[in-house]
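Model the placement of chain B on the given structure of chain A, informed by the hints.
The primary structure of each chain is shown beneath.
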Amino acid sequence: MDVMEILTWLIPAGPLLAFAVILLLTKQNRTLSFLIAWAGIITALVLSWIVSFSVFGDFLADLHEVEEHPVRVSSSIAWLPIGDYYGEPVGASFVEGMAEEAHGAEEESHGEEAEEDSHGAAEGEHGEKAVPDETKSGTWFRIGVSADPLTAVMLFMVPFAVFMIFVYSVGYHNYGNPRGKFLGIPNHGMEEPMFSRFFAMMSLFAGAMLILVVSDNLLTLFVGWEIMGFCSYSLIGFWYARKYDDPKKTPPREAAIKAFMTTRIADVVMLMGIVFFYRTFGTLNFETALSAESLQNAIQLSSFGAVGLGIMALMIFTGTVGKSAQFPFHVWLPDAMEGPTPVSAVIHAAAMVSAGIYLILRIFPLIAVALKAAPAFGWTIAFIGAFTALMSATIAVAQNDVKGVLAYSTISQLGFMVAAIGVGGYIAAAFHLITHAFFKALLFLCSGSVIHGMEHGAEHVHDHHSDPQDMRLMGGLAQKMPTTFWAFLIGGMALSGFPLVTAGFWSKDEIFAEAWYNWSNDANPIGLFVFAMLALAAFLTAFYTMRQLALTFAGKPRSPLAEHAHESNGFMTTPLVLLSFFAITAGWVGIPDNFLGTAKGSIFYNYFHHFVGATIYVPLEVLYNAEPEKLVLHEIFTLPWSWIPLTTSVVVALGGLGLGYLVYWRKPLEEGQPDPMIAFLTPALHNFLHNKWYWDELYRAVFVKPAVYFSEVVVYQWIDRGGIDGLLHLIARVFYTIGEWFRRAEIAVFNDAVDWLTFRFRDLGKEFRAFQTGKVQEYALASVLVAVIFTAFIYGASQGWFDGVLFFLAFGN
Amino acid sequence: MDWLLNNIVTLTIFTPVIGGLIVFLLPDDEKWIIRRVTFFLSMVPLALALTMWFIWVDQFRGDPTFQFVQKVEWFPLLGSSYHVGVDGISLPLILLSAVLTPLAILASFGIEEKVKMFMSLLLVMEGAMIGLFGALDLMIFFIFWEIGLVPIYFLIRIWGGKDKVYASFKFFIYTMAGSLGLLLSIQIMGLSTGTFDIPTLMTAWVNIDQSTLANTAGIFSITTLKWLAYAAFFVAFAIKVPIWPFHTWLPDAHTQAPTAGSMILAGVLLKLGAYGFIRLVIPLFPELASTTAFILAWLGALSIVLGGFAAFGQWDFKRLVAYSSVNHMGFVVLGIAMMAYVYGINLNNQVDGVLAADAIMATNGAVLQMINHGLSAAGMFFLVGVIYERTHTRDLKQYGGIWSVLPVYGGILIFTSMASLGLPGLNGFVGEFMITSSAWNIFYAQVALSMIGLLMTGAYILKGIGETLHGETKPEWVGLPKMTLTEHVVIWPLMIMMLALGIWPQLMLSVINDTVTRLFG
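Residue numbers (numbering that gives the first Met the number 0), protein chains in the order written: chain A, 0 to 812; chain B, 0 to 520.
No lab work stands behind these hints, which were simulated from the structure alone.
Every residue gets a Cβ at the ideal spot worked out from N, C-alpha and C, and that includes glycine.
A few of these clues could be false.
[Stated by the list, open to error] Ranges of calculated distance between the beta carbons of each label pair, as one might list FRET restraints:
# : chain 1 : residue 1 : chain 2 : residue 2 : range
1 : B       : THR392    : A       : LEU31     : 32 to 40 Å
2 : B       : TYR387    : A       : PRO682    : 30 to 38 Å
3 : A       : LEU726    : B       : ASP162    : 16 to 24 Å
4 : A       : VAL703    : B       : HIS487    : 35 to 43 Å
Bound-form chain A, shown alone (with noise of 0.2 Å):
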């Protein structure tokens, strides 16, 4: 194994090693646990970041090297045996073989191009192979690890966000302040009392989120898709003795409730996908399953051709939906809000909610084939995401909580990348996923200083009742957390698109041209609708955006929170001003290479393009240009220049911000007054959007009360209870009634002969009704039934009565 694949490998190891001993060592010493949580995902960040930049190296050298071997880095073990017989067995070689097989699978996968690819082969063909490979110990399902150019920017952005959110968290928990005395609440200006245990959690996830990045395969991804899952869970109920007076406020326990299963219904779908997925390809690993060889030979096998691939890249797809809280299982992202701030920032912004979007990256070669099988598919993914990205974007417009607007916003981005997936753009929705990173990351930990400082304010002022996240609370913050303020600004210009400055426009401008294209030059109605719904979503985007920035900062303060509010401590300011970095510069890397129709490559040269776009270069030309007919609408190449889609992004961009400044920013709102919005949208309209369309209320009508009812009703009280037990009570009770009779006849007629006897069952019988009810005799008698009906069956057998009914029911016909 060469020193690329050990580091690959050890990527996620940090983050885990330093979960199992925070919690098993250090939980008590918390200095100790966050430095061990910090070494953990630093070394992490190291790593990820040699891989990350070895890749890129490769690129710049050599791009077309690159496209023709994507996957640089590749290392696999042998994990689950999953059959072959061996013939005879071979004694003391066969057994070595299987030691060498389990323990030194690694050093079968020197590196060597040819042999992993024969690993792969001989994986994917396990299921075809008729005769055994006598030599080695079997078919084993491996799991390995690979590293590719869609990777290296994962592995880029993932663990520097990461990090950046754990220095961020140790001041955030008020580290060296008194500790609090309170267990699953927050304890406002104390030091958190499960420190400790956050940065282990914190840690696990982080874990997760690397093993889901490096996985080769979709099972390890799923894997670490599903301990994310669970991190999430943890942390959104990590003050899980909250609650609230208000009860339309959900607590954080039930909000990590709502989460879990809101995405376990999605995840079990998708788990059927990847069955689905590893019955057509005989494989997991996506390199080998979702080359264009593969791909055309499972369409050609498969019993629905394309289409049957389209169902099954819809079934994975749906644990996109889920994991990046799209319609309609976008319901959970806002309630995660409870957890503390960080988590909201790495959980429900930066890493796990991108996984969802990194999924379909993965899977793409895939999708593309769906998108070309029937348009319903690329109708299905459109709507999904450009409806959700809308509909957030109004939700976002009504929210009062500094943390609910971010929420929605996210859900809004996220629909945007999976809209460009939806259209086929790849690269725009990869690019998307990693500035959206960087700069919902940055607004998080912002709105988190924000409600830190107000929560000092709070505290201050003895206020408990006041909800520190409130922005009508809020207003003159810049003046107080200037830092905060700036970070605030340049993360928000980045989210609103703010033109050629800034991360997003770079990103979302991409997306627009893609759909664009569709329209414009293959007139796929799609496209239109896709540029229609997004360039909405993208003026509401700004325009909401302006509205939170002028609410928190603007003006006076509304409130005496805010009046003594300040700034936050080094450890959170510190991230803000590296991540405000990154939400900058993250764009510059994708400039078109044709931008402002200059000749391609001239001035510009579109780096992100031409490298994630490597990735699936040769599979995709190879489908694309496939007899006797296409299997995907595109092959990876260069947007045409087009004013269309820039012109749109600026307007909707600079048009937003302009509304947001005029209504919100140039007279700021005064203490006590109203939003000037409800008046604008009427209150009925408002009431709708502020309540985020009533979906909640329409779920819990129309699923959880009915699960609940049909669990504790029907399942267990209708059938089990009365039904099953129902039935076999009854049984007994006839059996002891005819019992009753016999032993009154027996009375009758054994009066005198069988006495002693009967005093002695009647004995007896008393013993046993002392027990209760009378069940012993009832149960007793139901065996004497089975046993009489048993001979009796027995002899109509021997009797040859039943042998026709027999006969047919073990032969059929």
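For chain B alone, coordinates are given in the frame of chain A:
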């Protein structure tokens, strides 16, 4: 040493039985001594089982048929002999029994009433279970099957909860109803072939035809006989697994049993049923099992789904965990159905490579899932016992905020619950994945249905955690005593095994796989 190795299965079976007798001879009131002697005695079969395991891994990987075989003439008149041995399917289960019994003994150190009898019953129980897994003769198998019933009946009847009388009788009669048919069928098979030897029957009984039959029990038609025997076997083992709709004894028995009883019941006794399917039903009735495999698959899927819903509908923590067994064992049944479907066709060499590979994976998954469920269910019942001992309630509505009081217990409960939920990285996931993915080709409808059950698994596990640990701490739970050292000693080995099997399943799976691949060779 040779003597030890020649008799190792017999020793593993009978050392706990002898141990039970020794404990019974101890003075009544020396509880301290009784507990420790019992624990010490239960380490003997564990050591023997581990010896077998390591010898197997070292020597028999290349020849994974029955090993450590011992055959002694026992009842020549009937054609029954004392024939024991293990293969890659029974050995992991023997190991499971040998691991869980000492832990169950440790978990019952708190029992104060009739300690001696309790402890010796547990040891006798262990002997019966190991005997059943090791038996290669139907008569021996049946004897251990019946002996195993008695201790658990008394464990529930004497040390059980409020409704112990109802629960113990229900359990006993339910199982007896199954045993009755089982005994009759065993007699039929013995009479018509002249032997009770399981490996012999696998050819003798399977290939029996009307002419052979005429010499012995000629009044029956062979088709009828096979159907009768198959139905009886099916029902007997289905009750034990339990497969829906034969499951209603389980929630009552588990809920009322003492902690150790529940651990053994869920950990090992349920596996007897599934083991019966794999060891007896499918090899002895290949055609019939294959024809009816779809019924088994539907019942498995129904167990998963309805078991999941029923568990979610519970407010008694122990009953919730009990129903989770129905839910989890449903996956075993689904795997067994796949095995049954292919095994029957396979005999006539009509199976293509894909299907055989599926069946191997399904059977691997079913056996592994049995081990996994044994570990996690035993762990869950133990943890319910721990909390019950402190709060004296199992009502979920009365808990709340226990995590703040018992943080370590909370962590352990979450870990074990997650293993039970099938969180990838812990053991439960591997078996479920293998079973669902391999059954997909044939039983896709059932697999798809079972996904609803998988969803409900999440729902009831989270309900359990949420209602006990989360929320504000109720005043009555402030100051509950922390977990004792003994309790830690019980749960940690289970947790380590859950994690180890989740990360590196081949620890156990490679042994299982050797034998299973041979079944489809």
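Exercise. Against the structure shown, which of the earlier numbered hints fail to hold, in ascending order?
Worked result: 2
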